[in-house]
Amino acid sequence: MAVISPDNHGLRLAVRYAVLVLIAIIFVFPLVFMVMSSLKPDQQLLADTSSLRAFLPVGDVSLNNYSKAFQRAPIGLFVFNSVLVTGLTVLLCLLVCSMAGFAFVYLNWRGRDLFLSVILATLIVPFETIAIPLLLLVSKLPWIGWEGVTIGWLNSYRVQIIPWIADALTIFLFVQYFKGLPRELIEAARVEGATWFQIYWRVVMPLSGPVLATAAILKFLVMYNQYLWPLIVVQQEQYRPVMVGLQYFFQLNIAWGEVMAYLTMITVPVLAFYLALQRAFIASIASTGVKG
Amino acid sequence: MSSKLTTSNRAGWAFAAPGIVLIATFIIVPFFFAFALSLTNQRLISPNPTQYVGLQNYRDMLSLSVLQLAPERDAAGQILRDADGTPSYPRVRDITRNPDFPQYRGMREWFRVHLGDTAHVVIARDVVFMKALVNTVTFVLVVAPVQGGLALILALLVNQKLRGITVFRAVYFMPVVVSIVVVSLLWRFIYSPDGGLLNNLLSGLTFGAFQPVNWLGNPDTALPAIMGMSIWQAVGFHMVIWLSGLQTISPTLYEAAEIEGASKWQTFRYVTWPGLRHTAVLVLIVITMQAFALFAQIDVMTRGGPLDSTQTLVFQAVERGYGKQDISGGATISVVLFLIVLTISLVQRWLTRERA
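These protein sequence lines map, in sequence, to chains A and B. Numbering-wise (this note's numbering), the first sequence opens with residue 160 and increments by one. Numbering-wise (this note's numbering), the second sequence opens with residue 5 and increments by one.
Fair warning: there could be bad hints in the mix.
Coverage of chain A stretches by chain B, computed from C-beta distances (three or more under 8 Å per stretch; other residues unrestricted) [said to hold, decoys possible]: (1) 249 to 259; (2) 285 to 295; (3) 384 to 398.
One side only, chain A facing chain B, incomplete, derived with CB under 10 Å [stated by the list, open to error]: (4) 192; (5) 220; (6) 434.
None of these hints come from the bench; they were simulated from the model. Each residue gets a CB set at the ideal place from its N, CA and C atoms; glycine is no exception.
The task is simple: from the sequences and hints, build the whole structure.
Written as structure tokens, this is what we have:
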């Protein structure tokens, strides 16, 4: 057997890190390029792509692209729409799905097992296969609002929120988590005369921090990054989210500096959020891989 | 006793109803709606009433036929050839428009194969759909194993006990949180024919010998370019799923393997891989479903072109159902897509089933 000298060991360690760093470069270079390019005028941006300058904040660096991007599109409105739709959907999703999970785990009721298996079966239906029939459905749904009863949900916030509130994956996450909580807690509360709502709100929810965080992160990523659905149900600028707003920048001669500025603005907050909570993000994805 | 305490139909219904009603309305109803709509001529907005048309939409999409064309001959029986020496064949159009062959009406050439002097021409009623189907299946067949395999390698790399390894894990995962729309637009620039980063990098590495390629503008490279980008974006997601599988494998098994003097490969083959069985099924099914849903990349990068080389099923479903307001056509593609996804996940489950 070969004797591993300290030198040999050090070399191997260096090789390992070198491989890891090389792969890391592959994953970050487009993002670094995006941020750096957003600071440069178009001509310099294009010229810099032939050297490492593409990844450095050098030359004629300014925030001009950002102010031009704001002139081209109502970015504030798009961000507001995205935050509103994403925020409301995440909150309602946590409420509705945790309640359903609660009913499936702690309560005995007729039809429980049947409904749970039907809901879990919908996991195999990709959204893309129901988008077109759903488009027809929401175009015919009634709504009661300030103006009385109207038909059709197209061009609204509700069409972006309500269909996305409940989903099988989130319910599944709550069911898995609730199964792991000690049942005696619920029974003790019941014996003391607590109502089911009190048990849900005062006993179970305060213990559900980890699963709430997981579900919120997953739903946040899905909702903020929505593209296909808002693309087909929202034609009015007034309700457009940031990802669809990108179309303002698809011109014949793309002004790349402005595009990069817009991409940076809609991506960097999410990346910062991710880097701050990266353990929680990664744990969320990992938990979707736990077999039920 | 415990069951008595928790029996409550009213409370059960009250808690579960919002979720059940929403899922029923917005997932289950549209799902069955897709099947029903595919049997009609429904449009998004139309003055005419919707009619039941049976399987007509499926026939219009799936009809295929093969024409065997013999080369044209002159009076002496010699094969007519053009300047390059290629035999000339009767035009397919003359057959599909010939009233004597009503079965071929409306069909167009998809591709042809030459066997000897005879040309076998495959004609389809809906050539764009056929291309979309083949592209989508090709995409899945390449992306599923490559992305799954690379993700496993990355998972093994970041599962090492090294200082700072969580930083690398976090970095590899980063593209996953970035919208695929943003990623697609960024890569459109990377793949750009003039000043694109990829061409510049390749020409730098080969000291200028590399000829710039219009990655997204060439029918031969457009789909592979989109595959590469898609793998780059989502590989971190599957790395994390593999990683959670790796961490369920008991360390005592690794200790035993070390005591037995197993090599690294043997350890992987006999300890790690068997422990990842469930994870492998999950990763494959998830990648397959995601890959079949290919849409945003196409919409942002190529819109199906060049020459339909990047058409996909979902892009076509949206193009027809939304763009052309042909709801029934879009629904028919959706049904075909769902049946393919269902079949594949059942087959994957069956192939990787536990053998008792």
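message: Let me make sure I understand: some of the numbered hints might not hold for this structure. Which ones are they, in numerical order?
response: Of the numbered hints, just 5 does not hold.
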